[in-house]
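*Asks:* Below are the chains, spelled out letter by letter.
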Amino acid sequence: MSTIINIENLSKTYHRDAEELQVLKSINMQVENGEFLALMGPSGSGKSTLLNMIAGLDTPTSGKVTICGSELSQMNESQLAGWRSQHVGFIFQFYNLMPVLTAYENVELPLHLINLSKEERDKKIRLALNLVGLPDRMDHYPNQLSGGQQQRVAIARAIVTDPSIIVADEPTGDLDRKSAEEILNLMVRFNKELGKTIIMVTHDPHAAGRAHIKKHLDKGTLNGA
Amino acid sequence: MKLPLNYSAKSLFVRKTTTIVTIFGISLVSFVYAAVLMLSGGIKETLVQTGSPDNAIIIQRSSITETTSSLTRDHANILKSYPGIARNAEGRLIATPEVMVIVNLKKKDSDDMVNAPLRGTETNVFDLRQNVKLIEGRMFTPGTSEIVVGAAARRNYEQCKIGDKLFFGKREWNVVGVFDAGRTGFDSEVWGDTEQFMQAFRRPLYSSMTVKLTDQEAFENYQALADNDKRLRVDVKQEQQFYADQSENIAGFIRILGTVVTTIFSIGAIIGAMITMYAAVANRTREIGTLQALGFSRKSILLGFLIESSLLAMIGGLIGLLVASGLSQFSISTVNFDSFSEMEFRFSLTTETITNVLLFALFMGFSGGFLPAVRAARLKVVDALRSV
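Which chain is which? The protein sequence lines are A and B, in order.
For the first sequence, the numbering used here begins at 1 and goes up steadily by one.
For the second sequence, the numbering used here begins at 1 and goes up steadily by one.
Only chain A is shown next, with the shape it has when bound in the complex (with noise of 0.2 angstroms):
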């Protein structure tokens, strides 16, 4: 397997007023492609940063972070967003679905960032809710659909663009026991059918051990587990 993500000496300093605050500390990490890793760690310890410096959200103070061959660092804001369109799909604890749209138009939405004519768009929509299990629902509002299919949709809409990697921040936090399970087997199908790579943080430690690999993260420093 070849290395997909490639982290040297990250660290990352947050200025409020006069006082520093070091949220990562140099980090070392490899992540090998087709990989499913768990971030763990208490509150504040920098996981959901790290999380962000992988999905190029956020740039590191110091150091590199080299995902898909790209050195993300180098890259100006424009860039990153280009990057984050083809190679990162998202999902959120909250599932971050536009309210007005409904499950088809959310899981198009990426699509309008990519050259695409509108018969293959409609093939790749269909066949993102078909492997979340939504085919019934494509013109239900997020309102119209429960927590568990809210965020299924944030799958497709995830997977839609067909992305190296996932980047997912506590994709059950918001779901009850069924669901979340419901979520995490779609994860686990994903990774092993379609060889994403996914890159998860979590609370939960029945959640996490359904990755291949967790890392904790405690005061800005990683330790392998």
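Worth flagging that the hints you see were computed from the coordinates, not collected in a lab.
Quantities reported herein were computed from a predicted structural model and do not represent experimental measurements.
Hints are not guaranteed to be accurate.
Below, a list of computed lysine-lysine pairs in the DSSO-like style, where the Cα atoms sit at most 30 angstroms apart [said to hold, decoys possible]: (1) K123(A) <-> K299(B); (2) K2(B) <-> K237(B); (3) K107(B) <-> K16(B); (4) K133(B) <-> K118(A); (5) K106(B) <-> K118(A); (6) K64(A) <-> K178(A); (7) K16(B) <-> K64(A); (8) K106(B) <-> K80(B); (9) K178(A) <-> K25(A); (10) K178(A) <-> K192(A); (11) K165(B) <-> K118(A); (12) K192(A) <-> K64(A); (13) K219(A) <-> K380(B); (14) K219(A) <-> K64(A); (15) K16(B) <-> K2(B); (16) K214(A) <-> K25(A); (17) K165(B) <-> K108(B); (18) K2(B) <-> K123(A); (19) K64(A) <-> K165(B); (20) K10(B) <-> K123(A); (21) K108(B) <-> K16(B); (22) K16(B) <-> K380(B); (23) K380(B) <-> K25(A); (24) K299(B) <-> K10(B); (25) K118(A) <-> K64(A).
Anything over 12 angstroms on all C-beta distances counts as not near chain A; from chain B, calculated [to be verified]: (26) L3; (27) Y7; (28) N104; (29) G177; (30) G182; (31) P204; (32) D235; (33) L257; (34) V260; (35) I264; (36) I271; (37) E287; (38) T290; (39) M314; (40) T334.
Glycine residues also receive a C-beta, built at the ideal position from the N, C-alpha and C atoms.
Once you've looked at the hints, dock chain B against the given chain A.
*Replies:* Chain B alone, transformed into the frame defined by chain A:
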């Protein structure tokens, strides 16, 4: 890549009440603006249509209107002697010296008196003004106290039906006919025999002379002859230009007044749109963060919010226009500032007005939406995603 249009359009109606109130505000301002433009447009149209393209009007030099101008009989004879004047079927020159007098007549269904324009003319006036047609009764007989009235005059003044009698110039005048001059200033006039009016009002002088010329070249020659004739001190103008100049004063006044009022109103509407859009940005911070995370650029988010506020304004503008278009059914009567006489006209909805009103609405939406859109585009993705 830009945000899908259906996202902007649908988001507009998430907060129905504020959106509807904002649209109402914008439509109100657009209505007022449209009404003002239709009003000034209507006046201009009426006055410009009053003139015929082939006609030239001759008035005393430096006079703005016919009522303040005087020409002697000698002047009229000189002006008739120049070449280039067209002739009618019987071979007579189409050149009519006229006298304009303003009299007080009673307004219909009211106790108000209005300044009605009287025009002393000749019976061959229809050769000169081919857009004017007798629609009822007959033409006045020269040398008698007979008069004919315009259709708008009959609608707006008392005692203007055929068989009625009007009293002015210390005499009684019999209404014997009604003419239709379309949407022109003539339609509000009362016409009688020039010589009779001059006697009744003890006015030895004509007010103006109107001639029909054979072509454009003839006009230029005619104008040059009159300008260089030492016996005369007159201005020769194309009739349409003469009335267009008159319309500039009153239509321009209404347009300026209306624009000032609309501009003040529009500040309110812009602030309304701004509040609505700021609220939209505040309520959708996490949505904006998500869009940024998915890869939509700051520019596309800025554009998305600008499109949203522009849509809001366009709906308002269209509603305002639609309501204003109903005004074109009405005709109103007002005083022509230049001649101080009554004139009836309609609100006129032109493509220019439609374009101006929609552009103005768009401007309101754009101005109101710009700062909120900048705020949306400048949100930091990490912070926006954390927003509740």
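*Asks:* Confirm or reject each hint.
*Replies:* The hints, checked one at a time:
no.	hint	result
1	K123(A) <-> K299(B)	holds, 29 angstroms
2	K2(B) <-> K237(B)	violated, 56 angstroms
3	K107(B) <-> K16(B)	violated, 49 angstroms
4	K133(B) <-> K118(A)	violated, 62 angstroms
5	K106(B) <-> K118(A)	violated, 71 angstroms
6	K64(A) <-> K178(A)	violated, 39 angstroms
7	K16(B) <-> K64(A)	violated, 48 angstroms
8	K106(B) <-> K80(B)	violated, 37 angstroms
9	K178(A) <-> K25(A)	violated, 37 angstroms
10	K178(A) <-> K192(A)	holds, 21 angstroms
11	K165(B) <-> K118(A)	violated, 77 angstroms
12	K192(A) <-> K64(A)	holds, 29 angstroms
13	K219(A) <-> K380(B)	holds, 24 angstroms
14	K219(A) <-> K64(A)	holds, 20 angstroms
15	K16(B) <-> K2(B)	holds, 25 angstroms
16	K214(A) <-> K25(A)	holds, 19 angstroms
17	K165(B) <-> K108(B)	holds, 15 angstroms
18	K2(B) <-> K123(A)	holds, 21 angstroms
19	K64(A) <-> K165(B)	violated, 102 angstroms
20	K10(B) <-> K123(A)	holds, 24 angstroms
21	K108(B) <-> K16(B)	violated, 48 angstroms
22	K16(B) <-> K380(B)	holds, 28 angstroms
23	K380(B) <-> K25(A)	holds, 23 angstroms
24	K299(B) <-> K10(B)	holds, 20 angstroms
25	K118(A) <-> K64(A)	violated, 39 angstroms
26	L3	violated, 7 angstroms
27	Y7	violated, 6 angstroms
28	N104	holds, 65 angstroms
29	G177	holds, 67 angstroms
30	G182	holds, 52 angstroms
31	P204	holds, 80 angstroms
32	D235	holds, 65 angstroms
33	L257	holds, 42 angstroms
34	V260	holds, 39 angstroms
35	I264	holds, 35 angstroms
36	I271	holds, 25 angstroms
37	E287	violated, 6 angstroms
38	T290	violated, 4 angstroms
39	M314	holds, 19 angstroms
40	T334	holds, 49 angstroms
Violation of the numbered hints given earlier is confined to hints 2, 3, 4, 5, 6, 7, 8, 9, 11, 19, 21, 25, 26, 27, 37 and 38; the remaining hints are satisfied by the structure.
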